[in-house]
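Asker: Go by the hints and put chain B onto chain A.
Below are the chains, spelled out letter by letter.
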Amino acid sequence: MLLLILLIPFAGGLLALLEKEDPAFPPRYIALVTLLFDLAVIIFRFFLFPPKALLTASGSWLDMERYRWIGSLGIDFFIGIDGLSLLLVLLTLFIGTVTIFTSWNRIIKKPGFFYFNILWTIGAMIGVFISLDMFLFYVFWELMLIPMYFIIALWGNEQRRRAALTFFIYTQVSGLLMLLSIILLVLIHARDTGELTFNYLVLRDSAAHLNAGWLVMMGFFAAFAVKMGIVPFHGWLPLTYAQAPAAGSILLAALMAKTGAYGFLRFVVPLFPESAVSFTQAALILGTVTVLYGAITAFGQRDIKRFIAWTSISHMGYILLAVFSWNTFTLQGSVMQMLAHGITTGAIFVLAASLIDRTGTRDISRMGGFWNPAPWMGAAVLIFALAMMGLPGTGNFIGEFLILIGTFHYSAAIASVATGTLIFSVIYALWLVHRVFQGPQSPLISASRETISDLTKGEWTIQAVLVVVLLWLGFFPSLFLSTSAPWVDDMNAIHVHSSMPSAEAVKNRLAGGAP
Amino acid sequence: MTGLNNLLPVLPLLLTAAGSIVLLLVISIKRNHELSAIIALITLFFSFISAGVITFFDDQMPVRITGLLIIDTYSLYFAQLFTAASIATVVFTFLFFRTCAGRNVEEIYVLLLLATLGSQVLTAASHFASFILGLELISISLYAMIAFRRDMKGIEAGLKYLVLAGSSAAVLLFGMALIYNEFGTMQFSRISALAGFSHVNRLIVITGLVMIVAGTGFKLSLVPFHMWAPDIFQGSPPSIAGFISTVSKGAVFAVLVRFFKPADLQWDASLSIIFWILAVASMSAGNLLALLQRDIRRLLAYSSITHMGYILVAFLASGRLAYVAVAYYLTAYFITMLAAFGVITMVSLAPAKDNGRHRGECCTGLARKSPVLTGMFIISMLSLAGLPFTAGFIGKFLILTAGAATGYIWLIVIMVVNSAVSVFYYLRVILRLFAVPDDDSTAISSIPGLPVAGIITMAVLTLFLIIFGILPSPLIRLLMTLRMII
Chain A
1 MLLLILLIPF AGGLLALLEK EDPAFPPRYI ALVTLLFDLA VIIFRFFLFP
51 PKALLTASGS WLDMERYRWI GSLGIDFFIG IDGLSLLLVL LTLFIGTVTI
101 FTSWNRIIKK PGFFYFNILW TIGAMIGVFI SLDMFLFYVF WELMLIPMYF
151 IIALWGNEQR RRAALTFFIY TQVSGLLMLL SIILLVLIHA RDTGELTFNY
201 LVLRDSAAHL NAGWLVMMGF FAAFAVKMGI VPFHGWLPLT YAQAPAAGSI
251 LLAALMAKTG AYGFLRFVVP LFPESAVSFT QAALILGTVT VLYGAITAFG
301 QRDIKRFIAW TSISHMGYIL LAVFSWNTFT LQGSVMQMLA HGITTGAIFV
351 LAASLIDRTG TRDISRMGGF WNPAPWMGAA VLIFALAMMG LPGTGNFIGE
401 FLILIGTFHY SAAIASVATG TLIFSVIYAL WLVHRVFQGP QSPLISASRE
451 TISDLTKGEW TIQAVLVVVL LWLGFFPSLF LSTSAPWVDD MNAIHVHSSM
501 PSAEAVKNRL AGGAP
Chain B
1 MTGLNNLLPV LPLLLTAAGS IVLLLVISIK RNHELSAIIA LITLFFSFIS
51 AGVITFFDDQ MPVRITGLLI IDTYSLYFAQ LFTAASIATV VFTFLFFRTC
101 AGRNVEEIYV LLLLATLGSQ VLTAASHFAS FILGLELISI SLYAMIAFRR
151 DMKGIEAGLK YLVLAGSSAA VLLFGMALIY NEFGTMQFSR ISALAGFSHV
201 NRLIVITGLV MIVAGTGFKL SLVPFHMWAP DIFQGSPPSI AGFISTVSKG
251 AVFAVLVRFF KPADLQWDAS LSIIFWILAV ASMSAGNLLA LLQRDIRRLL
301 AYSSITHMGY ILVAFLASGR LAYVAVAYYL TAYFITMLAA FGVITMVSLA
351 PAKDNGRHRG ECCTGLARKS PVLTGMFIIS MLSLAGLPFT AGFIGKFLIL
401 TAGAATGYIW LIVIMVVNSA VSVFYYLRVI LRLFAVPDDD STAISSIPGL
451 PVAGIITMAV LTLFLIIFGI LPSPLIRLLM TLRMII
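These protein sequence lines are chains A and B, in that order. With my numbering, the residue at position 99 of the first sequence is 99, and numbering never jumps. With my numbering, the residue at position 29 of the second sequence is 29, and numbering never jumps.
Same shape as in the complex, but just chain A (with noise of 0.2 Å):
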């Protein structure tokens, strides 16, 4: 059944491409059924009609299935699902469908190709989360990268070609490193064990006694901090999610940048665990000038897609945060900040979709006063921008808060930085809401109408769905954890730092506080 989840994007993907010009069944609704049905398998799978054997699971996992691949070098088809995953592959496709619903009427060119760009990215994503070998798991890394750059390289803004290669030239060479640091990794334990073997589980199993090193963790620590982009790798990624399509910018700050925050928490922790300690100092300053220089820099942005990137940049350091500080508290919130991050930051890219498709510019300071000719976008710029600032009700709130309470356990002085910076995130995202809604009208550049449409009635459909569920995060947060917290209670196994009480406990106090 998990083969056949992750299967589905890529199949769906080659049905598109097989597409020819004017057909009677366009890409797009193949991309959608085909995304609408995997989702549909998840759903039955896990949630309605999960079968006995998988309730009483040992351990954190839900599923996993083997099948024989290369033998002779210890390498499996070898996927598994715990709760983390489940949760990233419902993100996934629930966004994906998004992305589709965005491009439906945008994407003119080649309709067969991008959608098989698109799916083949998500079935992708959907391997990196589900991946337990080692090089399985880099295979879908670097595969992720391949669609990807086309959808940049080939459907993006004006200077799309150069934002693709720098997007593919950061991740490749990263990815790279990383795809030498598995290989290290796999032959020290070849060399301690006398097996060789790619399996995540049984690497992390003896990950204690490896003590691979810290360069090798650097392998991994490179391929996922420039997924996230954490502040000196972040280079490509505000170029490139300006350059990107909307689909584009959408599955990569949304999603990609999960896969990144994935990483760290599947990998870089549990797989060297001594020398994750003794890098927590660096990685949460890297966090918190992360956090900080994002806002700063946010702030200043004139192109309204830049200044989502960095917002984002700057949202994925507490990740980092979270991830070194590494406890029930940290580990909860950042699944509930990937989630609640990959919502808002989804939901903003389309509605910046929708500005610029009715503005003609990417330019903040050529918009304002929209809010009387368009006032529900306006409604739904501010939810989210109430969201991005980490408004109590919205999951990014509990995301954030845990994040914070976990890593002031650990480092008072950085909770303290990383709390006052979410001053600056109130500015910026009030600052968005009044300089495009508020203030005199603008005129338009290009447009032969005097000012700008409100949201269509299907623009209105996806905002209310994505407003739902950021309100589901916010209000409910409990289904989320409880369906992450046996693989918190799995990952405090790892004692990095000190005890600490467990998931479940933590739920419920939050629980129990909740509005």
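Just so you know, the hints here were simulated from the structure itself, not pulled from any lab data. Please note that the accuracy of each hint is not assured.
[As the list claims (entries may be wrong)] Below, in silico cross-link-like pairs of lysine-lysine (DSS-like), each with a Cα-Cα straight-line distance of 30 Å or less:
1. B:153 with B:369
2. B:369 with A:109
3. B:369 with A:110
4. A:457 with A:110
5. A:457 with A:109
Computed from a predicted model, the values in this text were never measured in an experiment.
Answerer: This is chain B only, laid out in the frame that chain A set:
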């Protein structure tokens, strides 16, 4: 002593040799392009099959033939690989010269068969005499094949190759002579056995080995012996360029492995430094120069230089995995290069708007003309770049693993960085396929109805590229069983 039974293992070589003679006779009786190509195909096909049959059914392996040749599973695997590559080359050559009606082009198949024979000899060579024999069979056939288009570019390329190959052969022979002078033998096994003794004059031995490396380095177009490659790739017919980049290089690599690796001569302190430098220089210089190329054939020439540098990393590594990595990478590289040159051949069949001048950016805007060829070309470029689900990726992975297992951390770090840089220009080529050409003269006017033979060959190559990228296990297991003796 040489009964019929003892000749059975060399059947692939004999078949190829006989085929070339038959073909010569047929041509002298009646010139017919189709017939000549078919005879060449049949010859190569039976040669391929016989090598496979011997691999599976002969329990007397390995067999020594007259001290010059050794037939073992290793040599038979490579012989099959080279023969298969020649089959693809024959198809593409046929398509390329089909339009040249009225010109005498049949002899190119004789030359191709002879070059294939040379490569088969090299896979089995265990003696300097067979080494040089195989090498010259390839080189001399290539002089003519490169110049076969008989225009200025082609003749220039052929002449260049003649001069450089001639001088490199001289260097190689001198190196062999020095080694013979010191050891008194030309047998690989004896040389390996004697190399460890202390009473030999190390200076002379090392000088000899270095000259052998230099001579073969030319064939492999390792930096700094690479100058010829771009001009010759550009000047020769595309199918022949594909042959040079695959069979001619692979055969030399096969013989180098047999000569150096059993005794690990490459680990001698001074030699290993030389190999290290050659590998790093080939990878890096090949890559940097490829970045500057706009002509796809020149780009592939530099790309091929880079790939030779990568294979040297596996060549330097130790253990069984190193052999597997070399063989796997060569196989993947062969399929990829042939597929790339196959597409170039097919595209060059399109009537050019500027009277047949060599079009530099030969594939601009291909996506709109032929989606099928575009798809195949993209896959071969991705494989050259070593991206997942292509054979090139598994090859790269095996080399990295073999290198890391030996402890060549810096070498593989350099390889990784180069590999990342190389993606840049492969992707640029892919993007150009989708570009709308601004200058109409560089655009492809239209692809005439794609020839069936070409499409089938391309489909098979692409299929193998993907199969070896997704399910590499059977091939790896086969390569693990290869045994090489000297």
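Asker: Hint by hint, note whether the structure agrees.
Answerer: Structure-based check of each hint:
1. Only pairs whose Cα atoms come within 30 Å are accepted, and residue 153 of chain B paired with residue 369 of chain B is accepted, the gap being roughly 28 Å.
2. Straight-line distance between C-alpha atoms of residue 369 of chain B and residue 109 of chain A comes to about 16 Å, which keeps the hinted pair within the 30 Å bound.
3. Taking the CA atoms of residue 369 of chain B and residue 110 of chain A, the gap is near 14 Å; set against the 30 Å cutoff, the hint holds.
4. Taking the CA atoms of residue 457 of chain A and residue 110 of chain A, the gap is near 26 Å; set against the 30 Å cutoff, the hint holds.
5. Proximity of residue 457 of chain A to residue 109 of chain A is assessed by CA-CA distance (about 24 Å); at most 30 Å being required, the pair is judged to hold.
Of the numbered hints listed earlier, not one is contradicted by the structure.
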